[in-house]
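Peer 1: Sequence:
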Amino acid sequence: MRFFKQIFAVLALLCASYAHAEVAAGVDFKVLNSPQPTNSGKKIEVLEFFFYGCSHCYHLHPGLEKWAKNMPKDVEFQYVPVVFNENWEPMAHTFYALEAMGKLKQLHDALFVAWNVSNIDLSDEAKIANFVGKHGVDRDRFGAEYDSFSVSSKIMRSNQLVQNYAIRGTPAIAVDGKYIITGLRPEDTIRVLDEVVKIARKERMKH
Numbered sequence: 015m016r017f018f019k020q021i022f023a024v025l026a027l028l029c030a031s032y033a034h035a036e037v038a039a040g041v042d043f044k045v046l047n048s049p050q051p052t053n054s055g056k057k058i059e060v061l062e063f064f065f066y067g068c069s070h071c072y073h074l075h076p077g078l079e080k081w082a083k084n085m086p087k088d089v090e091f092q093y094v095p096v097v098f099n100e101n102w103e104p105m106a107h108t109f110y111a112l113e114a115m116g117k118l119k120q121l122h123d124a125l126f127v128a129w130n131v132s133n134i135d136l137s138d139e140a141k142i143a144n145f146v147g148k149h150g151v152d153r154d155r156f157g158a159e160y161d162s163f164s165v166s167s168k169i170m171r172s173n174q175l176v177q178n179y180a181i182r183g184t185p186a187i188a189v190d191g192k193y194i195i196t197g198l199r200p201e202d203t204i205r206v207l208d209e210v211v212k213i214a215r216k217e218r219m220k221h
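Residue numbering for the sequence shown follows my numbering, beginning at 15 and increasing consecutively.
Careful: at least some of the hints might be erroneous.
No farther apart than 30 Å at their CA atoms in a straight line, the calculated lysine-lysine pairs in the DSSO-like style are these [as the list claims (entries may be wrong)]:
1. Lys80 / Lys119
2. Lys83 / Lys119
3. Lys148 / Lys192
I should point out that these hints are in silico values taken from the structure, not numbers from a laboratory. Remember, predicted model here, so these are calculated numbers, not experimental data.
Between the sequences and the hints, there should be enough to build the whole structure, so can you do that?
Peer 2: Spelled out as structure tokens, the structure:
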């Protein structure tokens, strides 16, 4: 019995050491060769490049939402919808239209579930308008925002960010214009994000 207790103690220590292990550039995250400008002022900017139909984004979403609600006060977090092909563009329009209407928080989770659990067809504006209408969103106003110049401009900016950060897959998290986290399990993504934010904070203190 004592032997097994010792084994469990060693395993617990190993797990604790792993959980608190320092993250490493090139292993847990990558450093951009060309740092990108941020729009967060004195705050550390965190961007998540995502697509509602991405299963990995869906699995990361709960943990990332929880993280965002409790993130440090010197951090600013933003979602960036990615358009890798024309089939993804309707969801980018949807994201920014709902954001403009103040309805994004109301529908954000539901859109992830619609794609990844319920397999609801949200491939065009009409089907999306029907979906958001059932969730209490004014369809006419949604349609006006969906096709607005403002939404189109935001999508152009998102596309530019995807290009500037050389995003090749989702989800990908950019921290303060310098660091990219991608390809990790959800729990590891959050762990590494916490550590990279600390790295970014130390970098800012040097300047």
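Peer 1: Taking the hints in turn, state whether each one holds.
Peer 2: Structure-based check of all given hints:
With a C-alpha separation of about 13 Å, the suggested pairing of Lys80 with Lys119 holds against the 30 Å cut-off. Among the hinted pairs, Lys83 with Lys119 is consistent with the structure: their alpha-carbon atoms are about 12 Å apart, no more than 30 Å. Between Lys148 and Lys192 the alpha-carbon distance is near 41 Å, which puts this suggested pair outside the 30 Å criterion.
The earlier numbered hint that this structure contradicts is number 3, and it is the only one.
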